[in-house]
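Here is what each chain is made of, one letter per residue.
Protein chains: 2
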Amino acid sequence: MEMKERLQGLIEKNQLGMLRMRLEALHAPDVAELMEACTRERALLVFRLLPKERAAETFAYLPPERQQALIDAMRAGEVRQVMEHLASDDAADFLEEAPAGVVKKALDGADRERRAQLAALLRYPENSAGSLMTADFVELHDRLTVGQALDCVRKRGPRAENADVLYTIDNTRHLTGAVRLIDLVCAEQIHRVSDVRDARVVSVGTQVDQEEVAAAFRRYDVAQMPVVDSEGRLVGMITVDDVLDVIEREDTEDMEIMAAITPQEKPYLSIGPLQLAKSRIIWLLVLMISATISGRIISAFEQVLQSAVMLTAFIPMLMDTGGNCGSQASVMVTRGLALGEILPKDALRVLWKELRVSLIVGAALAAVNFARILLFEGVGAQVALVVSLSLLATVICAKCAGALLPLLAKQCRLDPAVMASPLITTLVDTASLLVYFCFAKAMLGL
Amino acid sequence: MEMKERLQGLIEKNQLGMLRMRLEALHAPDVAELMEACTRERALLVFRLLPKERAAETFAYLPPERQQALIDAMRAGEVRQVMEHLASDDAADFLEEAPAGVVKKALDGADRERRAQLAALLRYPENSAGSLMTADFVELHDRLTVGQALDCVRKRGPRAENADVLYTIDNTRHLTGAVRLIDLVCAEQIHRVSDVRDARVVSVGTQVDQEEVAAAFRRYDVAQMPVVDSEGRLVGMITVDDVLDVIEREDTEDMEIMAAITPQEKPYLSIGPLQLAKSRIIWLLVLMISATISGRIISAFEQVLQSAVMLTAFIPMLMDTGGNCGSQASVMVTRGLALGEILPKDALRVLWKELRVSLIVGAALAAVNFARILLFEGVGAQVALVVSLSLLATVICAKCAGALLPLLAKQCRLDPAVMASPLITTLVDTASLLVYFCFAKAMLGL
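Top to bottom, those sequences are chains A and B. Counting in the working numbering, the first sequence runs from 595 upward without gaps. Counting in the working numbering, the second sequence runs from 595 upward without gaps.
No wet-lab data here; the hints were simulated from the structure. Take these hints with a grain of salt, some might be off.
Note: identical chains are not told apart, hence a pair may lie in one copy or across any two.
As the list claims (entries may be wrong) - Lysine-lysine pairs mimicking DSS-like chemistry, simulated, CA-CA at most 25 Å apart:
{"id": "1", "residue 1": "Lys860", "residue 2": "Lys939"}
{"id": "2", "residue 1": "Lys939", "residue 2": "Lys598"}
{"id": "3", "residue 1": "Lys749", "residue 2": "Lys646"}
Note that the structure is predicted; figures quoted are calculated from it, not measured.
Just chain A, same shape as in the assembly (with noise of 0.2 Å):
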């Protein structure tokens, strides 16, 4: 914090020497936001400031409009210095989001190969593994000996975006095993890399989504990742660190969801009240109108409140824990299948466990509340009895919809956390209602 005022100090008294030398110490992306918190020019300024590699780095923190808005201040040289040191991922996601103009000026610099290679990139549909990886990687014939295979590493590791695991291909390029770094450090020179790989080599498709990559990540504790065609051939490496973003990404994302708000890509602060507005509208809307569904039958049963209008005091006790219920279960097996821990083949089981947790909960709800009403409420036992009862029949009925509809969902290759907890809330409203009046008509004789 501190640090970050002095050097704006130094950006503000246009002391460079000074500033160059304390932006060595810092990493590209307390540079970035550094750049971030300052006004276009001297954002540019700092850029300048920085070595080459460390400023395509850092380049790589900045959000697309900052990217944008550099590129189009900095001139053709420049701007083939950075596109050269920008990593093929880092490179491709900027191009994806930038306006024709300064994609035209981003590649004007660009050898041929380098522009086959981002236009590879580009081709990959969104969130799949293609368009998460990075060209960047060291690839090792099977055949050269450990000693031809350490040059190679040194010609060509330091440009790589990570070359602590390497991996082999044969003569038609097709993905044969890996080989950490270290192994090729200690093996004898004179060894073929055929020898040293370890076959057993985890990759993905590049048209596999990046949920599965993430797992895959998760389960086998790799930080790099081969990615084949789908032919089998290496096209590609996926880094950890993307990972870790899509990750962060896919979990926010479950979460707005299941509070009923559309996704949004950019951090809170940064959207507009317009577009936050927007992205909750919709589903609002949706619910309230299906919320109506319940004021229906309230209106259905006016007769029995007409004669019993204490029962109206009971609404929204039943209503709240319904809606409480129902998210509990479906939340726990929405993240279940978002980790793969459940799958839609365990639908019994789960559906079987909701209905004993129900039971168990709903009995210890019902039993709390019939002592509640009857000592506090000053109503009779029979009106006790009736809430209770429909308490239970509601804490049934919210677990076991709670439960199964992020599974059907899933079967029906919907999102699971669209069924999470306002669309349910919804739904046992009406079961709730409709089992509480039923009960009290009988019961009561109303």
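Fit chain B to the supplied structure of chain A, relying on the hints for placement.
For chain B alone, coordinates are given in the frame of chain A:
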């Protein structure tokens, strides 16, 4: 899937030679999954077919009960071998969970140094950087030449959990920087380590909370990070695979707390119904009791309802919409706080944003609602106006409360997730009913 069944077949038919060969092609987590699906005797049989190092690796992926059963069933010599090859952080995790008898057996064959190392790891508080780190890393003294450093890596690297980045220390074991193995491989042998290392290394203290560790990994895009004690001396290293686990656990925990569930350590399907019921009932009770406040409000306005029972029909819609609006705001703010995108000092900015959002959303919903009531409900324009104005007020209350309560919780060093949907729903219910009845009383002259 098919592979697993074929392996199960080999186990049943006791075809050990074939089984051993097949196991060689599997990764440790896959072998662990296979063992989990077997009886304990068969799991032990599979385990004994694995080469020593892979056996230890597989051991780390087994759930605690399975680990304890294996150690229990193995001979002293076998136990020693597993414990020797187990990464120190995995060994510490296992020892932490195991009962005294198993711990004694596991440590019986360990030498003094290893015991001291594990004891040190076990001393760190749960969820701290110290409890996540491994002691199996390679440190290089600044004074070494690159050639000497590579010799050191060759000797100790293969035993380390990760030797892709090596940490450098001075005479007093203080962390001075980091050097990538690839840079050592590329450097001139006669250079000093101090010439090739990068002094800008991000480290964490042993006492730092795991959420902060995860945030640092996310921010700096690293695959491992050194851990230092309070005096800045290098004591361990955290690898990104453990951070992935932390993020998964923390996100699950946040989702569970937001759905009023006491967080559970185990995956859904392996938790018994009684345990599940216990994790859910506390919050349900608290919320059920607090929902009776809404009931009290309704009782207090019984007179109003008696004279206009049709007002009851709009209660569910008002309550549901208020609850949904509140959870939208609270989930976005809670997630923003968890990711460090929102800080408590942003409270006013957040409030201002939510106020504008709620005006837009509230006005739109109220308008739709007004039209709908007039067109389909067959009640007067005055009633429609009361309901719509109450709706607007409810939306504003809900969004502001939903945004502010998590911020308040954070400020008071509570978990912001506790303030999410269910608690806010209960609060908003009370507010919306109060507003509704007051408006009705005043505007309809009841």
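Evaluation of the provided hints:
Taking identical chains as interchangeable, the C-alpha atoms of Lys860 and Lys939 lie at most 25 Å apart only when they sit on different chains, with a minimum of 20 Å there against 36 Å within one chain. For the identical chains of this complex, Lys939 and Lys598 are inter-copy neighbours only, at 17 Å across copies versus 53 Å inside a copy, given an alpha-carbon limit of 25 Å. Within a single copy, Lys749 and Lys646 get their C-alpha atoms as close as 19 Å, which meets the 25 Å cut-off; across copies the closest is 36 Å, which misses it.
In summary, this structure violates none of the numbered hints.
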